[in-house]
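Asker: Since the structure of chain F is provided, determine the placement of chain C on it from the hints.
Protein chains: 2
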Amino acid sequence: MKLDDLLHQTGEWLKCVGPNSEIVISSRMRLARNLKGVPFAHWSNKKESEKVFAMVKPAILESGLMKDALFLKIQDLSNIDKQFLLERHLVSRELITGSDSKAVAISPNEVISVMVNEEDHLRIQAMESGFNLKDAWEVINSLDDELSQKLDYAFSVDFGYLSACPTNTGTGLRASVMAHLPALVLTKQIEKVLHAISKIGLTARGFYGEGTEASGNFFQISNQVTLGLPELEVIDNLGRIIRQVIEHELSARQLLTSQQKELLHDRIWRSYGTLKSAYIITSKEAVELLSSVRLGVDLGMINGVDGKLLNELLVVIQPAHLQKLEAKALDAAQRDVKRADLIRQKLTSKD
Amino acid sequence: MKLDDLLHQTGEWLKCVGPNSEIVISSRMRLARNLKGVPFAHWSNKKESEKVFAMVKPAILESGLMKDALFLKIQDLSNIDKQFLLERHLVSRELITGSDSKAVAISPNEVISVMVNEEDHLRIQAMESGFNLKDAWEVINSLDDELSQKLDYAFSVDFGYLSACPTNTGTGLRASVMAHLPALVLTKQIEKVLHAISKIGLTARGFYGEGTEASGNFFQISNQVTLGLPELEVIDNLGRIIRQVIEHELSARQLLTSQQKELLHDRIWRSYGTLKSAYIITSKEAVELLSSVRLGVDLGMINGVDGKLLNELLVVIQPAHLQKLEAKALDAAQRDVKRADLIRQKLTSKD
Numbered sequence: 001m002k003l004d005d006l007l008h009q010t011g012e013w014l015k016c017v018g019p020n021s022e023i024v025i026s027s028r029m030r031l032a033r034n035l036k037g038v039p040f041a042h043w044s045n046k047k048e049s050e051k052v053f054a055m056v057k058p059a060i061l062e063s064g065l066m067k068d069a070l071f072l073k074i075q076d077l078s079n080i081d082k083q084f085l086l087e088r089h090l091v092s093r094e095l096i097t098g099s100d101s102k103a104v105a106i107s108p109n110e111v112i113s114v115m116v117n118e119e120d121h122l123r124i125q126a127m128e129s130g131f132n133l134k135d136a137w138e139v140i141n142s143l144d145d146e147l148s149q150k151l152d153y154a155f156s157v158d159f160g161y162l163s164a165c166p167t168n169t170g171t172g173l174r175a176s177v178m179a180h181l182p183a184l185v186l187t188k189q190i191e192k193v194l195h196a197i198s199k200i201g202l203t204a205r206g207f208y209g210e211g212t213e214a215s216g217n218f219f220q221i222s223n224q225v226t227l228g229l230p231e232l233e234v235i236d237n238l239g240r241i242i243r244q245v246i247e248h249e250l251s252a253r254q255l256l257t258s259q260q261k262e263l264l265h266d267r268i269w270r271s272y273g274t275l276k277s278a279y280i281i282t283s284k285e286a287v288e289l290l291s292s293v294r295l296g297v298d299l300g301m302i303n304g305v306d307g308k309l310l311n312e313l314l315v316v317i318q319p320a321h322l323q324k325l326e327a328k329a330l331d332a333a334q335r336d337v338k339r340a341d342l343i344r345q346k347l348t349s350k351d
Numbered sequence: 001m002k003l004d005d006l007l008h009q010t011g012e013w014l015k016c017v018g019p020n021s022e023i024v025i026s027s028r029m030r031l032a033r034n035l036k037g038v039p040f041a042h043w044s045n046k047k048e049s050e051k052v053f054a055m056v057k058p059a060i061l062e063s064g065l066m067k068d069a070l071f072l073k074i075q076d077l078s079n080i081d082k083q084f085l086l087e088r089h090l091v092s093r094e095l096i097t098g099s100d101s102k103a104v105a106i107s108p109n110e111v112i113s114v115m116v117n118e119e120d121h122l123r124i125q126a127m128e129s130g131f132n133l134k135d136a137w138e139v140i141n142s143l144d145d146e147l148s149q150k151l152d153y154a155f156s157v158d159f160g161y162l163s164a165c166p167t168n169t170g171t172g173l174r175a176s177v178m179a180h181l182p183a184l185v186l187t188k189q190i191e192k193v194l195h196a197i198s199k200i201g202l203t204a205r206g207f208y209g210e211g212t213e214a215s216g217n218f219f220q221i222s223n224q225v226t227l228g229l230p231e232l233e234v235i236d237n238l239g240r241i242i243r244q245v246i247e248h249e250l251s252a253r254q255l256l257t258s259q260q261k262e263l264l265h266d267r268i269w270r271s272y273g274t275l276k277s278a279y280i281i282t283s284k285e286a287v288e289l290l291s292s293v294r295l296g297v298d299l300g301m302i303n304g305v306d307g308k309l310l311n312e313l314l315v316v317i318q319p320a321h322l323q324k325l326e327a328k329a330l331d332a333a334q335r336d337v338k339r340a341d342l343i344r345q346k347l348t349s350k351d
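Chains as they are written, first to last, in the numbering used here: chain F, 1 to 351; chain C, 1 to 351.
The hints are simulated quantities; they were obtained by calculation from the structure and are not laboratory data.
Check the hints yourself; a few may be wrong.
The list treats identical chains as interchangeable, and a pair is accepted whether it falls inside one copy or across any two copies.
[What the hints assert, rightly or not] Straight-line alpha carbon distances no greater than 30 Å define the calculated DSS-like cross-link-like pairs of lysine-lysine that follow:
(1) Lys-338 with Lys-261
(2) Lys-188 with Lys-284
(3) Lys-261 with Lys-284
(4) Lys-328 with Lys-261
(5) Lys-261 with Lys-324
(6) Lys-261 with Lys-346
(7) Lys-308 with Lys-82
(8) Lys-328 with Lys-188
Next comes chain F alone, as it looks inside the complex:
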């Protein structure tokens, strides 16, 4: 498997299957792990980082779950390829901006990625399609078990798994879902919902990760605290809250369709028409219109456009994907043209 093979496949988490996949695009788990006796990545010197790399690489590749994984050293990658992996949610910005001995291992269906020498020695991630925290947890927990048999983790009886940043100490677990909440946004209830979420220790980010604003009504909701609660309780808590958010979103959709059906229908079809007609489109506008079309599909107002295609488009309209598809560097204006071409082609071939 090569990195470029990813360009022509759809990651498992984008397949629009699994529970509530009309609202929850994907469920994600991440574990932070460090090796005993080696300084945390930020404090380790080159030699120590290399030592970590030398220990974890075989451990990862020999694990059953990472059979046939793609293993990439970050320093060997071009800037476009680094950005490409970031756009696919397979690496963090932190990993690709660093230097030596950083690496990522990616399972063939992109469910699992393991970052090496990120903020922690190991960052293990599992992503599943739909509202499916349980499967994501099972995958990540199995891999963690496998790896723990080969690697000596830094662990304290008092604190649990030690990590470079205190917010990750304890279970080292961050669980999140990517939810599409257009009706809560349209009915202006989203602020209230996000406020309530933040008061119970959860946080919401945009589709494009940490530090990005929510765009196109996509929200990544995750737990903040990893210390003091067993993993399954963290997951149950998040799951319970997300179920409530889903209920709110469904009520808001019902409200919209009962009170503003024609306006909504017009808005949705205009969005679809624009996506099929535009020859220049920014990423921001495209995400907003794709959100609108997605809502149209969910509400049965648009037929024949599948959710997988819409999910896929959210990823492939990003800069590095467009440039890899075109096999050359494109400036922002050229990307706006290529993005529009791609969307038109994908959506009109479905007619």
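Answerer: The following block gives chain C in isolation, referenced to the frame of chain F:
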């Protein structure tokens, strides 16, 4: 022929034929005439208006050019039908807001309409498709000749034809063209052009007649003064200036296609996409988008949409047309829905 027959036909002036019909939708002539020995319409009493009516009706209907004409007494018409005729440019607002003894005669192809007891006893109008002042003049002049043999016009050797308003005295001729000038608007040259036009005695109005703003880049340009110049000179003057305006518009189109081709292409196709997708659309937005699509057709960026259809849509998306097509009264919100339906249906059946 009945009034409702008009609903299902396209007036001659909308057929998008004739010289420069990619820029000049139509050419129009109007003559103001009054009968000798009868007060002007505003000062005449009921009996005098009836006398005018009784004299002109047979004169009109017996003329060769008005064979098989539709002859309508305004007082017999519903409000919707009055508005309908206004929307087809066959009557003036002045005519339909008045009361007794007002009428209009309309030739079967809608080239000629003759209003009775408007501001003047007779207002004769001829409209041709494209930049075709000569044909419009020949038609109107022939009819005027025919009528003058049966009717005794108020005429002064010093002033020419007398009329109720001094601006119409003299030849009584107003000549105008409806021009589509999107490139002059986009390149922000239109103000300069309209200013220059006004300085040489011409005036510009919107598509929807006197007192309306230019919308969707359509401008009705006409002479202001009717006294002191022979008819053919008025027409030649207007024709010469319109030819210059056409040249300016063509240069502006060339500028746009050489400097902003991609932006223009995107704008045009988005407009087309929106028209084919919207389920609610105001008249203002529809006219703007139709203007954009028309430009796209002219520039060869859109194929398979004919100019006649686009012209026709400008007329049929108006309130009375929509209500007659639906055969019931519609409020503004209902019209926005019906308008969108009609446009979608007409444009998608062309794909």
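Asker: Pop the pair Lys-338 and Lys-261 into one bin, within, between, both or neither, using alpha-carbon distances up to 30 Å.
Answerer: between (33 Å within a copy, 16 Å between copies)
Asker: With identical chains, the pair Lys-328 and Lys-188 could be close in the same copy or across copies; at 30 Å between alpha carbons, which is it: within, between, both, or neither?
Answerer: neither (42 Å within a copy, 37 Å between copies)
Asker: Indicate which option fits the pair Lys-261, Lys-324 if close means a Cα-Cα distance not exceeding 30 Å: within, between, both or neither.
Answerer: between (40 Å within a copy, 26 Å between copies)
Asker: From the Cα coordinates, with 30 Å as the cut-off, is the pair Lys-261 and Lys-284 best called within, between, both, or neither?
Answerer: Both ways: Lys-261 and Lys-284 sit 25 Å apart in one copy and 23 Å across, limit 30 Å.
Asker: With 30 Å as the alpha-carbon cut-off, assign the pair Lys-188 and Lys-284 to within, between, both or neither.
Answerer: Cα proximity of Lys-188 and Lys-284: in one copy and across copies (20 Å, 28 Å).
Asker: How would you classify Lys-308 and Lys-82 at a CA-CA limit of 30 Å: within, between, both, or neither?
Answerer: within (24 Å within a copy, 54 Å between copies)
Asker: From the Cα coordinates, with 30 Å as the cut-off, is the pair Lys-328 and Lys-261 best called within, between, both, or neither?
Answerer: between (44 Å within a copy, 23 Å between copies)
Asker: As a check of your reading, is Lys-261 near Lys-346 (CA-CA no more than 30 Å) within one copy, between copies, both or neither?
Answerer: Close inside one copy (27 Å) and across copies (24 Å); limit 30 Å.
The structure fails to meet hint 8 from the earlier list, while all remaining hints are met.
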